[in-house]
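Q: Could you build all of it, start to finish, from the sequences and the hints given here?
Top to bottom, those sequences are chains H, B and R.
Using the numbering used here, count along the first sequence one by one with no gaps and you end on 427.
Using the numbering used here, count along the second sequence one by one with no gaps and you end on 617.
Using the numbering used here, count along the third sequence one by one with no gaps and you end on 325.
Worth flagging that the hints you see were computed from the coordinates, not collected in a lab.
Just so it is clear, the structure is predicted and the values come from calculations on it, not from any experiment.
Don't take every hint at face value.
[To be verified] Straight-line alpha carbon distances no greater than 25 Å define the calculated BS3-like cross-link-like pairs of lysine-lysine that follow:
#: 1; chain 1: H; residue 1: K382; chain 2: H; residue 2: K341
#: 2; chain 1: R; residue 1: K42; chain 2: H; residue 2: K331
#: 3; chain 1: R; residue 1: K303; chain 2: B; residue 2: K250
#: 4; chain 1: B; residue 1: K186; chain 2: H; residue 2: K357
#: 5; chain 1: H; residue 1: K333; chain 2: B; residue 2: K250
#: 6; chain 1: H; residue 1: K357; chain 2: B; residue 2: K391
#: 7; chain 1: B; residue 1: K504; chain 2: H; residue 2: K396
[Said to hold, decoys possible] One side of the interface only, derived from the structure: several residues of chain B facing chain H at Cβ under 7 Å:
#: 8; residue: N261
#: 9; residue: Q276
#: 10; residue: T343
#: 11; residue: R350
#: 12; residue: A360
#: 13; residue: G364
#: 14; residue: E409
#: 15; residue: E410
#: 16; residue: T411
[Unchecked claim] Derived list of chain R stretches under chain B, where covered just means 3 residues or more per stretch with a C-beta under 8 Å from a C-beta of chain B:
#: 17; region: 43-49
#: 18; region: 154-167
#: 19; region: 278-285
Yeah, the Cβ is synthetic: ideal placement off N, Cα and C, and Gly gets one too.
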Amino acid sequence: MKKKPFIHPGKMIELVLRSLFKKPATVNYPFEKMKMPEHFRGKLKFIPEKCIGCMLCVKDCPANAIKINKVGDKKFEAEIDLGKCIYCAQCVDSCPRKALEITPEFELAQIDRNKLKITFNAEGAENKA
Amino acid sequence: MRQKRQWTEVGIDRFFEAFDRAVKQDGFTMLCTVSGLDEGADFGLIYHLARTDGEVLNLKTKVNKDRGEMKTVTVYFPSAQIYEREIEDLFGLKFTGLPPGRRYPLPDGWPTGEHPLRKDWSADRLKDMGAIQMADESIRLPIGPRHEISPPTDFSLTKVPIGPQHPALKEPESFNVSLRGEKIAGLEIKLGYNHRGIEKGCEGRSFLQDVYLVERICGICSHTHSTCFVQAVEEIAGLEVPRRALYIRTLVGELERIHSHLLWLGVAGHEIGFDTLLMYTWRDREAVMDLLATITGNRVNYGINAIGGVRRDLTSEQGAEVLKAVDTLVEQTKYYIGVAQEETTLIQRLSGVGKLSKEDALRLGAVGPTARASGVARDIRKDDPYAAYGELDFKVITDDHCDVFGRTVVRLGELMESYSIIRQVIKNLPDGPIAVKAPRRIPVGEALSRYEAPRGEDVHYVKSNGGENPERVKVRAPTLANIQSVSKMLEDRYLADLPIVVAAIDPCFSCTDRAVEIEGQGTLSWEDVRRYGIEFYKKRGIDFGAMKKK
Amino acid sequence: MIWALFQILIFPGLLFLSIVSLFAEFYDRKLYARLQNRVGPPWFQPLADFIKLLGKEEVVPEEADIEMFKLSPVFALAATVTAFLYIPLWGINAAYSFSGDLIVVLYLLTIPTLTFFLGGWYSRSLFSAIGAVRSITQFFAYEIPLFISLLAPAILANTWSLSGIAAFYTLHPWYIIFNLIGFGVALVALLGKLERVPFDIPEAETEIVAGSFTEYSGRFLAYFRMAIDIEVVVGASLLAAVFLPFGLTLPPVWGFILYLIKVFAVIGVLTLFRTVFARLRIDQMVEFCWKWVAPIAFFQVLLNLMLKGFVLR
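A: Set out below in structure tokens:
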């Protein structure tokens, strides 16, 4: 590509003036929400009925973010640290019984680090640590 | 086994003879990197030399730890000095004959005798030294010898610190510029601020976990590092990756290249005060990010690679979406090419700035668009094809301007080529499985994998000893090869050119540094961090508390 | 006496000028954003910025010269407000006028540049020093074209008083056409004076952090920024008064509205320039100004002299 000297100072002027009459490209978050695609990797979900306690998810997690505790005969609960989780969904892939699912929820910010540790108890309900 | 790779080991006494023959007679004129290994009683050193036809010679030698020193190869390759300095710092093997310079990548105050990449070193050693303690107590690191900046010889020069914190820099690096008026009279580059310890971290995690760790070396080149690593592991394990997976990897790789180049255009505009270009290119980039989120599940750090293939399939709707977005992007990119060719102020700021002649580019080991803008036609996708590139039709864009304007032109040209590649990929997407099952234990072996990142050539060397964790992972990011040309480019230029010249090599210092990770430090509360900062400066004679409020 | 104080401090002095300039900053930033396909700040943003800065802690470098450091913003503010008093806003008469007040206004407008230099120099900080020196270097480039192009209509009108110029052109409205070249030159030179892209070199964020203002914070930064905003309005008003002196005989309310339209039109053109150009380097800027802008300004003066001598008699 050869450059043409001094051809057109202010080349962007037409595009720029046309933008005056168009809607801005900004999404007015948080008043307008962005819709994430269906398989976006957000927060994890644990389905305790399917868990068999094989601990493969714990072994494969690159960030040591998930812990499975046995709370009864064939009953398990999962402790997930959302601060450590890197949302890679490797645990979802490793689980042989599909007891872990990934949801598109991404608004997970908290002011207190401790509120990021959540537990899914053996009934499937979620509570913060 | 992969073609185009030669592995040779020679003893230290015959090493230089073999090296000389490889460079001078066999045509291996490019040094990719130098990998260091800790092999018990010896240090292993592998010199990865490449030829223009894509063949790579991995020349290995051993240096006994007691002997502790090795002669440098900077007479052949000036760019070797930074790779050798890295080995000096991280392993403790001294290289004789190196030109004077700063240490890399560890910080100045790092305690002597602590070499993180040795097998017997762990971060607990720093804790045992009483160096780092839990929250309430004071934090002390035993100070090693400081590398003093050489005293100024010419007092008429003004020394301006650009970095490590500066609005021009997107990532921390330090350029100490000596100015005579507005002209640059001297430049001192200090790197290593983003050192995080990823290579050591890889050794402590399984191959499966490392795919994610390596991906997070950098946000913009995440797919690059992930694919490069996975390719090396697949080569060691002898896995035959299905063609559909290779095509999907190529698709994501090219989408990443597009988003990286559009980001670069915006950043270059911002560095020269042209914020409008920044806003428009980043607006267009959003379309690419949304595509990547739909296909892979995340906007950055895609996590699409698995050892043996990819983790997600591409549906035909997604393919149609990609093609539609590419059509819009093609129009927009043609417009930006018009702006680059005709906008007077842009041409004024970019032309003639940061000149790097073809000889210098070859000598200093520049890679990627930096080299291609100086007429060096080097592109790993053509020279040493990987993924699906062997079956696709595309051009390698080079330019003769040899300056920042040339680099802009090359990147814009590469954008157009990427659109063409993506269209070919979607059209010719083969059917079949998306992955083969990979074993958890990777057999003994080693591999060198190269990938053309948006910034240049990315090199990964992986060695496995048969277990679940790798023995050694060595990463050489493209910016490390390019940063050595920056001093040459800034000779006789103005201060105002420094931001755009640095931005023109598209620096990604997160890729470059990757230091040792210190785990188990405990959490520091905000007050502790603040107190640590104040103590740090008090030791250096600056007292914030006593600053008079005037 | 009371009337004079009212004029200086309230209208059209400090208070009125502050309100208009804060609104002008909003207008500039909103237009800039809309041209870039973004949303832009709400109307109270500049006021909020000003109040926030007033409340922030002031950190003064230890080695800085305290008096000069503190006085520079005040001088800048005072000079720009004083300059405004001589500009005829609506109607032919300004708040104060006398023969030669055009020169006084131009002189008063050079004081802010000087204070940027002094403030940056006496901060005794590296980036401030570079910014200050660039400020003065740039000053040598744009000041001559600005002066010459503003003096050209005055030569045609045969008076050095702004009110006199306004009166002359109200009598001969078509003569405004002769000054259009000068208008173009004055717009470019004004970009240099106001330190806006493509001439915002003294405050190049990506090269020298914030130039002269690097060490400023709190109240002093608030005054400096207010001085810059006011300088924009004063500069635009000056250009409107000298190059666009039409419709000055309208009744006061309409005249005021027309004046606002003129000023905001000029500011709009300046914003457009800010959007479509990149920043030049200082050597390129000086070369550009002396090679192209100054000769065209001289040409305009020559044209006006010839017109006055041979045609208009």
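Q: Now tell me if each hint is right for this structure.
A: Against the structure, the hints come out as follows:
{"no.": "1", "hint": "K382(H) <-> K341(H)", "verdict": "holds (12 Å)"}
{"no.": "2", "hint": "K42(R) <-> K331(H)", "verdict": "holds (23 Å)"}
{"no.": "3", "hint": "K303(R) <-> K250(B)", "verdict": "holds (22 Å)"}
{"no.": "4", "hint": "K186(B) <-> K357(H)", "verdict": "holds (23 Å)"}
{"no.": "5", "hint": "K333(H) <-> K250(B)", "verdict": "violated (50 Å)"}
{"no.": "6", "hint": "K357(H) <-> K391(B)", "verdict": "violated (41 Å)"}
{"no.": "7", "hint": "K504(B) <-> K396(H)", "verdict": "holds (18 Å)"}
{"no.": "8", "hint": "N261", "verdict": "violated (18 Å)"}
{"no.": "9", "hint": "Q276", "verdict": "holds (4 Å)"}
{"no.": "10", "hint": "T343", "verdict": "holds (6 Å)"}
{"no.": "11", "hint": "R350", "verdict": "holds (5 Å)"}
{"no.": "12", "hint": "A360", "verdict": "holds (5 Å)"}
{"no.": "13", "hint": "G364", "verdict": "holds (4 Å)"}
{"no.": "14", "hint": "E409", "verdict": "holds (4 Å)"}
{"no.": "15", "hint": "E410", "verdict": "holds (4 Å)"}
{"no.": "16", "hint": "T411", "verdict": "holds (4 Å)"}
{"no.": "17", "hint": "43-49", "verdict": "holds (count 3)"}
{"no.": "18", "hint": "154-167", "verdict": "violated (count 0)"}
{"no.": "19", "hint": "278-285", "verdict": "violated (count 0)"}
Hint compliance for this structure: hints 5, 6, 8, 18, 19 are broken, all remaining hints hold.
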